[in-house]
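Going down the list, the sequences are from chains A and B.
Take the first sequence: its position 102, counted from the start at 1, is 102 in UniProt numbering, and no numbers get skipped.
Take the second sequence: its position 122, counted from the start at 1, is 122 in UniProt numbering, and no numbers get skipped.
Source of the hints: derived by calculation from the structure; they are not laboratory data.
Please note: incorrect hints may appear among the correct ones.
[Claimed, not checked] Chain B regions said to be covered by chain A (calculated; three or more residues, Cβ under 8 Å):
no. : segment
1   : 261-275
2   : 324-330
3   : 337-345
4   : 442-449
5   : 493-504
These numbers were taken from a predicted model, which means no experiment stands behind them.
Even for Gly, the Cβ is constructed at its ideal location relative to N, Cα and C.
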Amino acid sequence: MAMVMTSSQRWRVLALHAFLIAFVVISLLPLVMIVSISLRPGNFAGGSLIPKEISFEHWRLALGLSVVDAQGNVTPPPFPVLQWIFNSLKVAIISAAVCLALSVTSAYAFARLRFAGREGTLTAMLLLQMFPSVLALVAIYAIFDRLGDWVPWLGLNSHWSLALAYTGAVAQHIWLVKGYFESIPPDLEEAAAVDGASRWQSFVMVLLPLAKPVLAVVFVLAFLGAMIEYPVASVLLHDEQQLTLAVGSRLFLFNQRYLWGDFAATALLAGLPLTLMFLLMQRWLVAGLTAGGVKE
Amino acid sequence: MRAVTWGLHGLNLAAVLGLLFISQQLLRAHESLWAMAVLGAAGLLVLLQFSRRLQAWRYVMPGLLAVIMFIVLPMGFTLGIGFTNYSSAHLLSFERATGILLQRTESEGLGMDLALLRDRANPAQPRYRVQLMGDDGQAWHSDLFDLPKAADTITPDPKAGVPLLAGELPAEGLATTQRLDGRALVELLPQLQVLVMRTPEGRQWRLSSLHRISDQSPRYVAVDDDHLTDLRDGRLVTADHAAGVWRNASGRALEPGFRTGVGLANYVRIFGDRQFLEPFGRVFAWTVSFATLNTLLTFALGLFFAVALSWPALKGRSAYRIALFLPYAVPAFISIPVFRGLFNENLGEINLVLDLLFGVRPGWFSDATLARAMVLTVNTWLGYPYMMILAMGLLKAIPEDLYEASALAGAGPLTNLFRITLPLIARPMAPLLVASFAANFNNLTLIALLTEGAPDYLDTVVPVGATDLLASYTYRIAFNDGGQNYALACAISSIVFVIVALLAYVNLRFFASAKSARR
Numbered sequence: 001m002a003m004v005m006t007s008s009q010r011w012r013v014l015a016l017h018a019f020l021i022a023f024v025v026i027s028l029l030p031l032v033m034i035v036s037i038s039l040r041p042g043n044f045a046g047g048s049l050i051p052k053e054i055s056f057e058h059w060r061l062a063l064g065l066s067v068v069d070a071q072g073n074v075t076p077p078p079f080p081v082l083q084w085i086f087n088s089l090k091v092a093i094i095s096a097a098v099c100l101a102l103s104v105t106s107a108y109a110f111a112r113l114r115f116a117g118r119e120g121t122l123t124a125m126l127l128l129q130m131f132p133s134v135l136a137l138v139a140i141y142a143i144f145d146r147l148g149d150w151v152p153w154l155g156l157n158s159h160w161s162l163a164l165a166y167t168g169a170v171a172q173h174i175w176l177v178k179g180y181f182e183s184i185p186p187d188l189e190e191a192a193a194v195d196g197a198s199r200w201q202s203f204v205m206v207l208l209p210l211a212k213p214v215l216a217v218v219f220v221l222a223f224l225g226a227m228i229e230y231p232v233a234s235v236l237l238h239d240e241q242q243l244t245l246a247v248g249s250r251l252f253l254f255n256q257r258y259l260w261g262d263f264a265a266t267a268l269l270a271g272l273p274l275t276l277m278f279l280l281m282q283r284w285l286v287a288g289l290t291a292g293g294v295k296e
Numbered sequence: 001m002r003a004v005t006w007g008l009h010g011l012n013l014a015a016v017l018g019l020l021f022i023s024q025q026l027l028r029a030h031e032s033l034w035a036m037a038v039l040g041a042a043g044l045l046v047l048l049q050f051s052r053r054l055q056a057w058r059y060v061m062p063g064l065l066a067v068i069m070f071i072v073l074p075m076g077f078t079l080g081i082g083f084t085n086y087s088s089a090h091l092l093s094f095e096r097a098t099g100i101l102l103q104r105t106e107s108e109g110l111g112m113d114l115a116l117l118r119d120r121a122n123p124a125q126p127r128y129r130v131q132l133m134g135d136d137g138q139a140w141h142s143d144l145f146d147l148p149k150a151a152d153t154i155t156p157d158p159k160a161g162v163p164l165l166a167g168e169l170p171a172e173g174l175a176t177t178q179r180l181d182g183r184a185l186v187e188l189l190p191q192l193q194v195l196v197m198r199t200p201e202g203r204q205w206r207l208s209s210l211h212r213i214s215d216q217s218p219r220y221v222a223v224d225d226d227h228l229t230d231l232r233d234g235r236l237v238t239a240d241h242a243a244g245v246w247r248n249a250s251g252r253a254l255e256p257g258f259r260t261g262v263g264l265a266n267y268v269r270i271f272g273d274r275q276f277l278e279p280f281g282r283v284f285a286w287t288v289s290f291a292t293l294n295t296l297l298t299f300a301l302g303l304f305f306a307v308a309l310s311w312p313a314l315k316g317r318s319a320y321r322i323a324l325f326l327p328y329a330v331p332a333f334i335s336i337p338v339f340r341g342l343f344n345e346n347l348g349e350i351n352l353v354l355d356l357l358f359g360v361r362p363g364w365f366s367d368a369t370l371a372r373a374m375v376l377t378v379n380t381w382l383g384y385p386y387m388m389i390l391a392m393g394l395l396k397a398i399p400e401d402l403y404e405a406s407a408l409a410g411a412g413p414l415t416n417l418f419r420i421t422l423p424l425i426a427r428p429m430a431p432l433l434v435a436s437f438a439a440n441f442n443n444l445t446l447i448a449l450l451t452e453g454a455p456d457y458l459d460t461v462v463p464v465g466a467t468d469l470l471a472s473y474t475y476r477i478a479f480n481d482g483g484q485n486y487a488l489a490c491a492i493s494s495i496v497f498v499i500v501a502l503l504a505y506v507n508l509r510f511f512a513s514a515k516s517a518r519r
């Protein structure tokens, strides 16, 4: 669109640039700060934004290595960060896989089959996904506490129970996948059916390969959701070795024990891959989020 | 492919068998209602397997079960627990609480000193012997024995226990063993606590403190389901099912209490007791204003950036877009503690700068207004990129010629915003704003990681702070502070459920109207 620039407009563009740059600087300052803090020696605030002396002690501690200072004092890593990252990954992968399997089959039925109770179930799911699990924390705790009496590996402090608790989010994924399935013309499956394929066969061999993009999106959404979830994990997990990263990283900043630098390094170590994933996935993420809730 | 189909049938069969097993286990644990429910689920699976008419449900059922298990069931539980007295003082079921009273013991005589000796042979699986010395010079000892497992329960069997022999330990017993010190005893404590020793005349002795052991006989004996006899004075102890405690003859409640239905008591407490109603009202008001303000702030900021970045005259728009999106991409469990650190009153960078520039150190966590401002700031920082991206998507749908027409009519950007942009995106945006309101209404993560509710009010009986939202308020009642009151927390959760249900209903109406508008 070709436009003639009037002089008042030029001023407006400049003002907008100035405002945007100022806002971006203020908005990104916390992130820059955390990089600087992770490289500063010692666990105190203060010092300039660009550290005078760069030290990797916090990074070593975050990676589980001990640090020896000039006097020969050994500082062991304060928390098992790598173990936490592993726990988070484990829970997130299990719950994402379960979520994917459950949402894909359900969405197939909702998109392709016509059956009594379809509309009602769909509406109910839409309503149910709006209820945050935060409200049912006590109940979730009580359920898994009780479940642990009968099936010990599904009790409190178990990664399996946490991963299962996260599969409740499947309702919103079903809507996402259903929408995608509906955008694929059913002709191909019908052709397969004419050739003698059963319903399950046409689903697995025709529809699923066509739906690969949305499968990836659901997996990543469920994965990220489980990686960053805090409330349920904080209630179900107790032992330091069992914690997920979201719960564990909180331990760095207790008022009595304020490991600011160690936290910064851990946050960067753990947050950077997730942030990159968010940025790469943003286009699909936003589509998924518009259909579902918002970030918590 | 056929193999896959058979595999699925096999999987289903395995699931049915598994459910049958669980059902049987539940039945053995006297949970007949749950056993019936699981049995019903197994029956449903069989039905699905063989009914052609229900074929579609084969696909739906797994996902639906997950939703029922992890959304509907917890909701039902929450509502249910709200009508009980489930709390740290009433943690156990009636049967367990009764069992604990029946296990309670009492000692008659004086205790004896206990020495535990570990056999020197075979240190991998050590065996032990004991030496008991009474204050009156009486002594007992035992042969080598294995310590019981910590999980073992004390059986009421009078013949159970390690047999004790009269007299001091013979010399060769001392030579082959090593006396354990206090530290080693503490390590073995869980096992020692279930250790029972039996004297030649058949009395049972148990650990009464780390180095003492005493004879212990049961304190209570069951009469019927609701009555026990206190063997010390022979008086009756009665179960008070309304209050969830056992009471002795003089009416005093015994520990531990048990879970029981209390009807509307929790709700009466919330709405009827000024000490609860007042903080609840404060938290409710702050929650509503937090969610409203935050939704409006993020929306205004997001819309502003979306409009600004859709202005063709502006160069470098995609770079701005990425930079402005970045706060959203950082996981909340990282960025919220970062702000917690930056705002820290003594050590934080923000106060450092403010001190340098203006010589002030605001108490971000100790002043209610400042704390609330900080919470709002942080959450706006977290939330505006989401609104920006949404608004950008919606702006694209507005036809360009509308703006050209308004430019011809000589309208400025503000007129454009209020006359064209806002009215056109209001409708599709409304359900998203309601969803954002509902999500922030329950934003436990933010409060738990940023302020934990601080600063706390000093004039309330329940622990509650100026920045506590309803969600974090219930979280504190349930999990954080001394008397964990699960029932009260569930009652508050239930009230919030009703509010969220209303919001969800409103959202659904918007959703439906937005959908029909699109058609």
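Are there three or more residues in the segment 337-345 of chain B whose C-beta lies closer than 8 Å to some C-beta of chain A?
-> holds (count 7)
8 Å C-beta criterion, at least three residues: is the segment 493-504 of chain B covered by chain A = holds (count 7)
In terms of beta carbon proximity below 8 Å, does the segment 261-275 of chain B have 3 or more residues touching chain A?
-> As far as the segment 261-275 of chain B goes, the hint is violated, because 0 residues have Cβ atoms under 8 Å from chain A.
Go check the segment 324-330 of chain B versus chain A for me, would you? Three or more residues, Cβ under 8 Å, otherwise it fails.
-> With 7 residues closer than 8 Å to chain A, the segment 324-330 of chain B meets the three-residue bar; holds.
Within 8 Å of chain A's CB atoms, at least three CB atoms from the segment 442-449 of chain B: coverage verdict = Holds: 6 residues of the segment 442-449 of chain B have a Cβ under 8 Å from chain A.
In summary, the one numbered hint that this structure violates is 1.
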